[in-house]
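Trainee: Each chain, written out:
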Amino acid sequence: MISQIITASFVIALAIGLSALFFVGSNFILDRFLSSESLTSDMDRQRRDKLREGIRPWIFVGPAVLVLVVYLVYPVFASLIYSLQDRNANGFVGLANYAWAFGNDGFQIAIRNNILWLIIVPTMSTAFGLVIAYMTDRLWWGQIARTLVFLPMAISFVGASVIWKFIYDYKGSGEEIGLLNAVVMALGGEPQAWISLEPWNNILLMVILIWIQTGFAMVILGAAIRGVPEDTLEAAIMEGANNFQIFFKIVIPQIFGTIVVVWTTITILVLKIFDIVFAMTNGQWETQVLANFMYDQLFRSGDIGRGSAVAIVIMLAVTPVMIYNIRRARMENQ
Amino acid sequence: MQSANKLPLATLAKHATVFLLVLLWTLPTLGLLISSVRDKDSLTTSGWWTALAPAERNEVFRTPTAEAQTQSGDVFIIEDRLFDEGARTLDSWGQRPTDLTANQAGDVVTLDDGTLMTLTESGQFRWESDEPFTHSRGQRVFYISQVPPTFTLNNYEEVLSSEGVGRAFINTLTVTLPATFIPILIAAFAAYALAWMNFPGRLWILAGIVGLLVVPLQISLIPVLRMYTGLSGIFGWEAKSYGGVWLAHTGFGLPLAVYLLRNYMAGLPKEVMESARMDGASHFEVFRTIVLPLSIPALASFAIFQFLWVWNDLLVALVFLGQGEGKTVMTAQLVELLGSRGDNWEILTSGAFITMLVPLVVFVSMQRYFVRGLLAGSVK
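Protein sequences appear in the order of chains A and B.
Going by this note's numbering, 315 is the number at position 315 of the first sequence; the sequence numbering is gapless.
Going by this note's numbering, 1195 is the number at position 195 of the second sequence; the sequence numbering is gapless.
So that you can see chain A by itself, here it is in the shape it has in the complex (with noise of 0.2 Å):
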């Protein structure tokens, strides 16, 4: 254990000490042996910076980008070669990776599974999110009742899952400790086997990520609520307007751009959802989504082909989300 914690400790240090000092030589022998000072001729020495100062962004942006070169832009393309290819990436096969795909019931119910996942998942976080921000906005305990809120967001998918697994329990026999069957029980139903239940069972793993999620929103929202100009506010009240009337006519339509984002990023996120359905049913009882069934067909089948094509319909997905976002940037920076 402690030879351990040494080991990590000097292999942090030199991880870190070693990209810090990346940036501190490159700029200390682009100074050094690009300088001017030497030159005596002014053309030359404004030759000698111009070059100089020419190389210095590229020493600054390099890493980023080659970094992201290798780990997103080439995989993108990658991934598009992979998933015309058989198993071991070795002969061509045209589209019978996505035909495969696309009859095959795992991926069918992945597929159905994600859409009801885009649909519920995002609107349901961002409506509690829009509720709770809109109704802590003027409490007094407000603050502490959006950090309660907020505090799940820390939570990992992983450690999440263990919260609600409990939750969910079921025994069969003898008093029932899982929260929901208590429920139940005292209501006079019946427990049940609730991770295995069809359909139910893929809104249960849905709760856990709107309960991760409307903390998210609810930070957003608040924000944008506070935005919302005073005297709007306080013309709809001198009108009469009651509360309800308020949130739908007055803040809703101010905020709604914000609105859209705050959904946008959380349907992102869903499409790519893993580690809950991979730590909760991995898959079983029809709760099967795009992310994990990639997972499977890479790491339990070890097929690269069809793991590239499941990979590539992923990113299709968020295409649509990507190009917007790009053509926003360049007309900001225009």
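Note that these hints are calculated values from the structure, not bench results.
Check the hints yourself; a few may be wrong.
What the hints assert, rightly or not - With a straight-line cut-off of 30 Å between C-alpha atoms, the simulated DSBU-like cross-links for lysine-lysine are:
{"no.": "1", "chain 1": "A", "residue 1": "50", "chain 2": "B", "residue 2": "1270"}
{"no.": "2", "chain 1": "A", "residue 1": "171", "chain 2": "B", "residue 2": "1040"}
{"no.": "3", "chain 1": "A", "residue 1": "249", "chain 2": "B", "residue 2": "1014"}
Claimed, not checked - One-sided excerpt, in silico: chain B residues whose CB lies under 7 Å from chain A:
{"no.": "4", "residue": "1025"}
{"no.": "5", "residue": "1189"}
{"no.": "6", "residue": "1197"}
{"no.": "7", "residue": "1207"}
{"no.": "8", "residue": "1215"}
{"no.": "9", "residue": "1216"}
{"no.": "10", "residue": "1254"}
{"no.": "11", "residue": "1356"}
{"no.": "12", "residue": "1360"}
Ideal placement from N, C-alpha and C gives every residue a C-beta, glycine not left out.
With chain A fixed as given, assemble chain B onto it according to the hints.
Mentor: Same frame as chain A, but now just chain B:
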């Protein structure tokens, strides 16, 4: 403020609704925390919400034999304790298992043979007889007692040592610290260049980074893994190493890091930087002495993001580090335990809480920066 002239009922309903929602969001974690400090037996037999109520237990006690008797005057006495003082309280007792409520605690009961037996609430046992006791085998007494709630840290001890979570904790730390620091460093330089330096292709890189923000990391798993395997074949490195995970996390975290930091740095006052440049400071000096110190809030925001993300990550660690050779991180270990010890809630709850502890502390203590980062990252 608005509610001042509203019906108190509406205000009350609002408080109640918020309270209910907060309760709904808090109870799951609370249940986990409470369960993790209950002892194994009560955890599996009763819900965590009963943790503070004393548990009722039926037990049996065998009296000492005649050898234990003492004489006081004409009376022969056998005394003993049923349980340690304070360990539980006795409700009632009987001589047959079907008759647990026959006698109350403190009753002086005359048995069939004329002897007197008393069991007190605190567990004192006293048996009196006018004749000497002769039995060589103790008599059985059945009783109901209330066990006060007990809390223990044994679950934590077990999960840290024998279930490998302690080791996994160190592994997670080894993954997380460099995987947080390296992208910050790389991103800070890139962000400065994109905000304040002029070079061809700047806008293209910027647009590219915005596009990469949403690329799902699933797309990178196979190509990067194959690249690692290929490199390990050429150079003899390990294909699954900490270095590989750090760089992978760096790659996946970099778009957001550059995006956040670039936006922040672009908003810094232009005059300060221009005057420093006029005075002959190089870009590196301006970056190091002016921009970096001014950007600390943004750096902190991203650091918390990346720290939480890496600490809580499962997929990247599973793929690039695997689940063996002593490199298992906590999330992977927890999934492993969910599979192998699925019904041992004392292990799962305490294990899960250990994985949550550090993120919760970081989160609560630096919530302000986290919120600022969230706002900068999404509302743009």
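Trainee: Residue 1360/B was flagged as interface toward chain A. Is the shortest Cβ-Cβ separation under 7 Å?
Mentor: holds (5 Å)
Trainee: Taking only the CA atoms, is the gap from residue 249/A to residue 1014/B under or equal to 30 Å?
Mentor: holds (19 Å)
Trainee: Run the distance test for residue 171/A versus residue 1040/B: straight-line Cα separation, threshold 30 Å.
Mentor: With Cα atoms ~16 Å apart, residue 171/A and residue 1040/B stay inside 30 Å; holds.
Trainee: Hint check: is the beta carbon of residue 1189/B less than 7 Å from a beta carbon of chain A?
Mentor: holds (4 Å)
Trainee: Are residue 1025/B and chain A close enough, Cβ to Cβ, to be under 7 Å, as the hint says?
Mentor: holds (5 Å)
Trainee: Would the hint on residue 1216/B be counted as holding, given a Cβ-Cβ threshold of 7 Å to chain A?
Mentor: With a closest approach of 5 Å, the residue 1216/B hint holds.
Trainee: Residue 1215/B was flagged as interface toward chain A. Is the shortest Cβ-Cβ separation under 7 Å?
Mentor: Where the cut-off is 7 Å and the nearest Cβ of chain A is about 5 Å from residue 1215/B, the hint holds.
Trainee: Next pair to validate is residue 50/A with residue 1270/B; report whether the Cα-Cα distance is within 30 Å.
Mentor: holds (22 Å)
Trainee: Would you settle whether the hint for residue 1356/B is holds or violated, based on the nearest Cβ-Cβ distance to chain A being less than 7 Å?
Mentor: The hint holds - residue 1356/B has a Cβ within 7 Å of chain A, the shortest such distance being about 5 Å.
Trainee: Going by Cβ atoms only, is residue 1197/B closer than 7 Å to chain A?
Mentor: holds (4 Å)
Trainee: Does the interface hint hold: is residue 1254/B within less than 7 Å of chain A, judged Cβ to Cβ?
Mentor: With a closest approach of 6 Å, the residue 1254/B hint holds.
Trainee: Report holds or violated for the interface hint on residue 1207/B, using the least CB-CB distance to chain A and a cut-off of 7 Å.
Mentor: Since chain A brings a Cβ to about 5 Å from residue 1207/B, closer than 7 Å, the hint holds.
The structure is consistent with each of the numbered hints, conforming to all of them.
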